[in-house]
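Fit chains R and A to the supplied structure of chain X, relying on the hints for placement.
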Amino acid sequence: MFIRNCWYVAAWSHELPAGGIIARSIINEPLAIFRTEDGEIVVMADRCCHRAAPLSMGKLEGNEIRCAYHGFKFDHAGACTEIPGQDNVPAKARVATYPAIERHSWIWVWMGAAEKADPDLIPAACGFDDPRWNLRSGQMDYAANYLLINDNLTDFSHLSYVHVNSFGATEAWARSRPKITRLPRGIRVQRWLKSDDSNLKGVRSGGEELWSSYDFLVPGILLMRSASYDTGTSAALNGGEPGPDVPCHNENFTSQAVTALTDSTSRYFFSWGPRAGEGTDELAEILKGIAIMAFTEDRIIIEAQQRTLDQCQNFDMVLSSADVGPVQFRSVIEQLIKAEGGTARLRL
Amino acid sequence: MFIRNCWYVAAWSHELPAGGIIARSIINEPLAIFRTEDGEIVVMADRCCHRAAPLSMGKLEGNEIRCAYHGFKFDHAGACTEIPGQDNVPAKARVATYPAIERHSWIWVWMGAAEKADPDLIPAACGFDDPRWNLRSGQMDYAANYLLINDNLTDFSHLSYVHVNSFGATEAWARSRPKITRLPRGIRVQRWLKSDDSNLKGVRSGGEELWSSYDFLVPGILLMRSASYDTGTSAALNGGEPGPDVPCHNENFTSQAVTALTDSTSRYFFSWGPRAGEGTDELAEILKGIAIMAFTEDRIIIEAQQRTLDQCQNFDMVLSSADVGPVQFRSVIEQLIKAEGGTARLRL
Amino acid sequence: MFIRNCWYVAAWSHELPAGGIIARSIINEPLAIFRTEDGEIVVMADRCCHRAAPLSMGKLEGNEIRCAYHGFKFDHAGACTEIPGQDNVPAKARVATYPAIERHSWIWVWMGAAEKADPDLIPAACGFDDPRWNLRSGQMDYAANYLLINDNLTDFSHLSYVHVNSFGATEAWARSRPKITRLPRGIRVQRWLKSDDSNLKGVRSGGEELWSSYDFLVPGILLMRSASYDTGTSAALNGGEPGPDVPCHNENFTSQAVTALTDSTSRYFFSWGPRAGEGTDELAEILKGIAIMAFTEDRIIIEAQQRTLDQCQNFDMVLSSADVGPVQFRSVIEQLIKAEGGTARLRL
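Residue numbers (this note's numbering), protein chains in the order written: chain X, 129 to 476; chain R, 129 to 476; chain A, 129 to 476.
Isolated chain X, as found in the complex (with noise of 0.2 Å):
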């Protein structure tokens, strides 16, 4: 039960040089990724239109992809150019291919109708290229349903229990409960907290207040903003958002992406950093190894929650107030699939 018309992230930019060919399976399909002279990404099934060999065995002739078995050679656009001894070339022999864009140091392929394929929908990620961040990158592969990780990342009450080691969490993140605003395609998550509730270990000092916001967007692109600012802030704000001129301190961003690969595995791409400038690099270290530990945590109550439900057939879940972000989030990816005409049933 997957979107189609959205975009995915496949892959980091820098995992394809040119002359490279990504084999990566997304909603099921396997895909070749590749890029033209030009270097503009290709994708395409990667199944051969003769024989379902993977084309990603195959090698680059310029801007086509010649398979690696009977040597049937196609163009950037998916059609069949040249069949070894024969000099006709049906129409029909031709692989699907799939829009894609390269942004925000991502990869991102369109999975559904190609005239949909609006490059306006592609979240505002922070690439490696971007001036504010001084960014550090990870990725994590999953042997869960993409939907265990996104209720995961849309319910930060978890931090408690999960991060006390990696984030140093305390109970205040269980206790208190975020504004959560809808989003056309997603849900927006803020809550200011108090630091020392709130502590980031060997990021954060205490007495000060914690801001934090996140979208998170289908199919599953989360983009946080926190710093710490003075004690009294937030209620001088009565609670709101701060804006650009109140100073804040420790202040970092993270994009992190959710792809599906198939029903049962998932691919996690993240990047983190604190704000960009002189002496900040030992910091972005930190932020990088946190977040390994953190989501390693994670991974591992992820896999064996699905390793439950895999389990048990039908489990009868008692949601809490702290559900509010997975339930809304899972009520949007189920409406995108429906106004597609699939059908879904995602409910929690």
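Don't take each hint at face value.
The list treats identical chains as interchangeable, and a pair is accepted whether it falls inside one copy or across any two copies.
Straight-line Cα separation of at most 20 Å, EDC-like style, residue types lysine to aspartate or glutamate; simulated pairs [as the list claims (entries may be wrong)]:
| # | residue 1 | residue 2 |
| --- | --- | --- |
| 1 | K201 | E299 |
| 2 | K201 | D444 |
| 3 | K416 | D358 |
| 4 | K187 | D438 |
| 5 | K416 | E406 |
| 6 | K187 | D269 |
| 7 | K322 | E192 |
| 8 | K220 | D451 |
| 9 | K201 | D451 |
| 10 | K307 | D215 |
| 11 | K187 | E431 |
| 12 | K187 | E425 |
| 13 | K220 | D444 |
| 14 | K187 | E299 |
| 15 | K466 | E410 |
| 16 | K244 | E462 |
| 17 | K201 | D391 |
Worth flagging that the hints you see were computed from the coordinates, not collected in a lab.
For chains R and A alone, kept in the frame of chain X given last:
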């Protein structure tokens, strides 16, 4: 196809220290097993009612267990006592619990209707604290359905072929037929064998007669006493059971439990040892070594049998006169499942 | 979807010494294979009729095999001759047996109706005792359905792409089309190639013409003779087959057998070598090395193809003019299955 109203051996008592949590599946049901501060055993479904995270990954707080994911807390009766950040806990927020009793060094769990959990139905196994026996123990995991292990344990004709190396068994085991008596929840299997025909390597000398008698009780509990008697004893007793006043040698006792973890996996717990007394430690170790060797021989053939049956859906079995035990015991299980309102077709 | 009335290669003769037992599945049927004291091959279902233990784990007693579990004994015709401890053996106590013949260094098993097992249907492979050839051999296991391997072997256009490194094949293999002749139980594939276009690395010199001719017979037996001829030979013969009186070089022969072990696994047996004679050992070793390298190249692409097809249930294949061989051979198999009363839809 399992009996539910039945005590299953879940673990050795010593597997569960104070403060520990065991994750174990019984008849396909994942369980979290821990102790209250008074040492009482608590067994609950290993699946938080919130998002199905395994409770066995959580932590104990007094007599309660807190989920590792979002911090839901449950008492020993399975009732949720806290949802962090939420004042009210809905009544349906609970997980199933199972009656459990610690007895004979084993933790027994009742997988059926709680009101029918009669402690008197726990078989009279011998634990390490039993002064009569000097016991050693072990366990083994099977990639096989529990019924195949029960079949093995209810028909010792296989000793002559499977256990030549371990028990030193001759063909007498295959050629004699024991007396089999139906019990309310199992069968009793008894026989006399000439010692020359029933050599237990390293344990018995010749010129004697071996008596062995075991009860095999649901779901798969074997309780066996064996001993050697002077030649002529069986004739003097007219083939009957020797009383406690008849002098014997090499008396030993074994308790064994087959627990179905899932449809295709089982755990086998066993203890064995000679009558307690000075100088029996060496004999106890010898018996343990023989047991491990013999039960490994069983495991190899039974797992092979399981793989063959998996490949052959409609196997039409040819029974022999040695199959009275397996046939009767499967019939006991089948009748008990039917008495619970379940359906089963376990016949050989 | 397999032919049953057909000889399958189960093993090399040298795999089965006197007293040995081979466990092997053919077309999903587990088999126990052994020799009588006279050296005759016996093939029976690897499943005791009592409790389905694999007979291949048992032991040979003269011309009979005794089950390792409860000691049932079976003669070479599959009849149970002894049930330990029981006087009468019921007539239904037997296991299926299969006709088998040892020929050309292979053990052939007939998986269909015994009365139709015609030894003349065994293809004319060359064994190690054939004085004409200096043969070396090897084998390889595939995680793929046998049809994909047959497709590979009935269309050599892949040599130009898969075997550049091993055979040093040029594009000529992909651009020429062989002459294909239908045989009663297979196809014949023949062609002339200019030597410059068909270089077999380390074997041929330039300035010659290569003739290759092979029969591919059910269920997947390839028998190929190749040789180099002086330039102009093909024209002088009007493209026809060179007779034994035409001088040639580098003549070599290969026998290959694809055996479906299960739906998703196959074993590939092969021998290859030059015409026998003084000083051909080095060439025989070179050909073996090339074969292992080339067949590994095939295995990599075919197993990838299988994985892709497994992910894509309704793959709509686009055929090329090089697919005459695969299409015709699948048609042969399909017709033979239908002639047996089976149903098959193997068309590409």
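Each hint tested on the structure:
no.: 1; hint: K201 to E299; result: between (59 Å within a copy, 14 Å between copies)
no.: 2; hint: K201 to D444; result: between (51 Å within a copy, 18 Å between copies)
no.: 3; hint: K416 to D358; result: neither (25 Å within a copy, 69 Å between copies)
no.: 4; hint: K187 to D438; result: neither (39 Å within a copy, 23 Å between copies)
no.: 5; hint: K416 to E406; result: within (18 Å within a copy, 63 Å between copies)
no.: 6; hint: K187 to D269; result: neither (27 Å within a copy, 27 Å between copies)
no.: 7; hint: K322 to E192; result: neither (57 Å within a copy, 29 Å between copies)
no.: 8; hint: K220 to D451; result: between (48 Å within a copy, 16 Å between copies)
no.: 9; hint: K201 to D451; result: between (50 Å within a copy, 17 Å between copies)
no.: 10; hint: K307 to D215; result: between (65 Å within a copy, 18 Å between copies)
no.: 11; hint: K187 to E431; result: between (36 Å within a copy, 18 Å between copies)
no.: 12; hint: K187 to E425; result: between (39 Å within a copy, 15 Å between copies)
no.: 13; hint: K220 to D444; result: between (48 Å within a copy, 10 Å between copies)
no.: 14; hint: K187 to E299; result: between (54 Å within a copy, 15 Å between copies)
no.: 15; hint: K466 to E410; result: neither (46 Å within a copy, 68 Å between copies)
no.: 16; hint: K244 to E462; result: within (18 Å within a copy, 45 Å between copies)
no.: 17; hint: K201 to D391; result: neither (31 Å within a copy, 31 Å between copies)
In summary, the numbered hints that this structure violates are 3, 4, 6, 7, 15 and 17.
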